[in-house]
Amino acid sequence: MANTGSNMCSENPDVYCEIEATVPTGFEPATKQEIQDKLGVSSVVERGHALFKIPVKDALKCLELQSVDNLYVVVKHFEHIEYPDDKDGSLQVIGELVPKMDYTVPLNVWKQFIHFDHEVSPLPCKNWLDQHAAETPCGNIKGGELELSDSENVVAKKPKCSEIDNMDGPSVKNDSTVNTNSIESSVSTQDAPPAKQPWIDSLPAFRATCYRTGSNHAFQSQQAAHHFGGILQDYFGWNVSMKQFDIEVVLNITGPKAYVTVGLTKQSRHKRHISHFGPTTLRPTICFSMLYICQIQPGDVVCDPMCGGGSLPIEAAINWPQSVHICGDIHDKAYNRAKMNIDCLNNKYEIKGKPKIDIQVFQWNTCSLPLQDNYVDVFVTDLPFGRRSGSKADNRKLYPDVLRELARVSKRSTGRACILTQDKRTIQRALDGMQKLWKRRSTFWVNIGGLAAGVYLIQRTKNVYSAGKDNRKGEDDSNKLEEDNSGGENDNKTNSTKDEEKVTENTIN
Amino acid sequence: MFFTKLLKMNLFTHNMLTSNIIKGVTKGYPLGIEATEVKTSEREFNPDFIGRMIPRLEWPAVVEGAKMLGQDAVPEEVPSDYETNEEFLKQAHRLLLEVTVQEGNLICPESGRKFPITNGIANMLLKEDET
Numbered sequence: 001m002a003n004t005g006s007n008m009c010s011e012n013p014d015v016y017c018e019i020e021a022t023v024p025t026g027f028e029p030a031t032k033q034e035i036q037d038k039l040g041v042s043s044v045v046e047r048g049h050a051l052f053k054i055p056v057k058d059a060l061k062c063l064e065l066q067s068v069d070n071l072y073v074v075v076k077h078f079e080h081i082e083y084p085d086d087k088d089g090s091l092q093v094i095g096e097l098v099p100k101m102d103y104t105v106p107l108n109v110w111k112q113f114i115h116f117d118h119e120v121s122p123l124p125c126k127n128w129l130d131q132h133a134a135e136t137p138c139g140n141i142k143g144g145e146l147e148l149s150d151s152e153n154v155v156a157k158k159p160k161c162s163e164i165d166n167m168d169g170p171s172v173k174n175d176s177t178v179n180t181n182s183i184e185s186s187v188s189t190q191d192a193p194p195a196k197q198p199w200i201d202s203l204p205a206f207r208a209t210c211y212r213t214g215s216n217h218a219f220q221s222q223q224a225a226h227h228f229g230g231i232l233q234d235y236f237g238w239n240v241s242m243k244q245f246d247i248e249v250v251l252n253i254t255g256p257k258a259y260v261t262v263g264l265t266k267q268s269r270h271k272r273h274i275s276h277f278g279p280t281t282l283r284p285t286i287c288f289s290m291l292y293i294c295q296i297q298p299g300d301v302v303c304d305p306m307c308g309g310g311s312l313p314i315e316a317a318i319n320w321p322q323s324v325h326i327c328g329d330i331h332d333k334a335y336n337r338a339k340m341n342i343d344c345l346n347n348k349y350e351i352k353g354k355p356k357i358d359i360q361v362f363q364w365n366t367c368s369l370p371l372q373d374n375y376v377d378v379f380v381t382d383l384p385f386g387r388r389s390g391s392k393a394d395n396r397k398l399y400p401d402v403l404r405e406l407a408r409v410s411k412r413s414t415g416r417a418c419i420l421t422q423d424k425r426t427i428q429r430a431l432d433g434m435q436k437l438w439k440r441r442s443t444f445w446v447n448i449g450g451l452a453a454g455v456y457l458i459q460r461t462k463n464v465y466s467a468g469k470d471n472r473k474g475e476d477d478s479n480k481l482e483e484d485n486s487g488g489e490n491d492n493k494t495n496s497t498k499d500e501e502k503v504t505e506n507t508i509n
Numbered sequence: 001m002f003f004t005k006l007l008k009m010n011l012f013t014h015n016m017l018t019s020n021i022i023k024g025v026t027k028g029y030p031l032g033i034e035a036t037e038v039k040t041s042e043r044e045f046n047p048d049f050i051g052r053m054i055p056r057l058e059w060p061a062v063v064e065g066a067k068m069l070g071q072d073a074v075p076e077e078v079p080s081d082y083e084t085n086e087e088f089l090k091q092a093h094r095l096l097l098e099v100t101v102q103e104g105n106l107i108c109p110e111s112g113r114k115f116p117i118t119n120g121i122a123n124m125l126l127k128e129d130e131t
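Residue numbers (UniProt numbering), protein chains in the order written: chain A, 1 to 509; chain B, 1 to 131.
Keep in mind the hints are simulated off the structure, nothing from the lab. Cβ coordinates follow ideal geometry from the N, Cα and C atoms, glycine included. Treat the hints loosely; a few may be bogus.
[What the hints assert, rightly or not] Partner residues are not named here, just some residues of chain B that face chain A (Cβ under 7 Å, in silico):
| hint | residue |
| --- | --- |
| 1 | T13 |
| 2 | M68 |
| 3 | L69 |
| 4 | G70 |
| 5 | V74 |
| 6 | N123 |
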């Protein structure tokens, strides 16, 4: 059964892999929706990441996801690991995970994403087999066989993979014939493990990383990564490189649970579009999620009145080419940076022969936009937090002014705005004072570079904005409104970011 | 050259701009255009997109703007079958998106205040005392 060679897997349409996508914290619901819309599968979202299963042959489609930072393929889940009280014992337990996993499917997925000149065998090197021929894997791992609901469901429905999953250390040993020559050739160098191994070009370079959460561990993540990587190296005979690695094996430990993944992206996908980063540039993945929750329709006018480096309008123009995109900023440097980013991207697109993006840039003041009343469908913006840019005191004046101006320009009833800020007190106060113009639809709490920020999705009410045109700036919170029937505030509050929805089972034939 | 082609002031954008943010200006629409450099650059024709945009436009402002840019062959009115009238859509496409102002000014029709256009970017900032 362990003879499921690497080639068989890629051709068999029934083989599924589990993908882990990391997400800016707080936007998990948006990512869940995007995965559903673009890949047609449901996902399990937890803080900071989403897990979902797709056929191995479709794995590259994951690159279409715009709201995710990094992609990993899951090797195996361990639902319950019992660590001894001492550090050395715990590390030994971690090391024993290495031969308990099957790397066939993950490496198949990996080779679709990352180019490596040689075939990478998912089987252990001969040296490892020689050393471990007599032993049987011991250890006190209780749940090595994917005990809990989600993982088990999927495994049970896929005969091919479940066979693989059952493949433990001993069965691998029957397979030394499958090993490639290159691996055998490396054997001679394996005898003295502590000595530095020579670099073998036909083998990939790898590094091991560990992310540990939970307090009841007698070891640190670095120690775990070090030991785990050491055993992996013994197992495969791969080269080690912390920086120029082809394969990154990640050990995620959360309390008694653990899972192992292999990285599919060498660089976070958030670096895809922006070339000139400013002091407060938003990650495009965050931008995308903000735009996604606005549900932009073809023909909508989308505006970022405070665009800064232009990340938001650029992301919008790329992903919603059927809409009109305008943006502006008050600051010389900001709109110039936006212009450079747009130019740079269009240069890239010109080379690739892709259609260029179309964004109209202005220099303007958000509190007096030169736009007609009742015109813009979607405002998406990142207000100054009052930390790196502006100050909290400025915000108390700025936020209400901005919201009022956006209310004037927004389409009544259908217009919506997605506002990101860390100054939650000020924005909440401003919104509370403007319930007649803006209605809150939902709020997401997100993590922006370590700052806890809020994303407010608000909808324009049907009330007519009628602050006197001549003294718009002068009047304070006394903007006169005609109709007065906006009703109570529709406050959906924080969308639960932890939708514990089960993974739909991927049935196979 | 390639850069300036992209960030541009065209009649489509002109159509949504108003100068009523200036103190004392009530309508401020449509803005006058004083162009010193006008460029026509070909762009991909997307009839669906143009068709969707037509109802949003103030067509008289397009006509007025086109005249100020020295364009001829401007349909005075939107035909009722504009969504399927390809000839009209092509004309609209050219007028709205392909003709761009690189350098010049936008002018408030009431106060005469000028908003400079440099390199295709309009500076719509006002001074403190104007708001």
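So, against the hints stated earlier in the document, which numbers end up violated here? 2, 3, 4, 5
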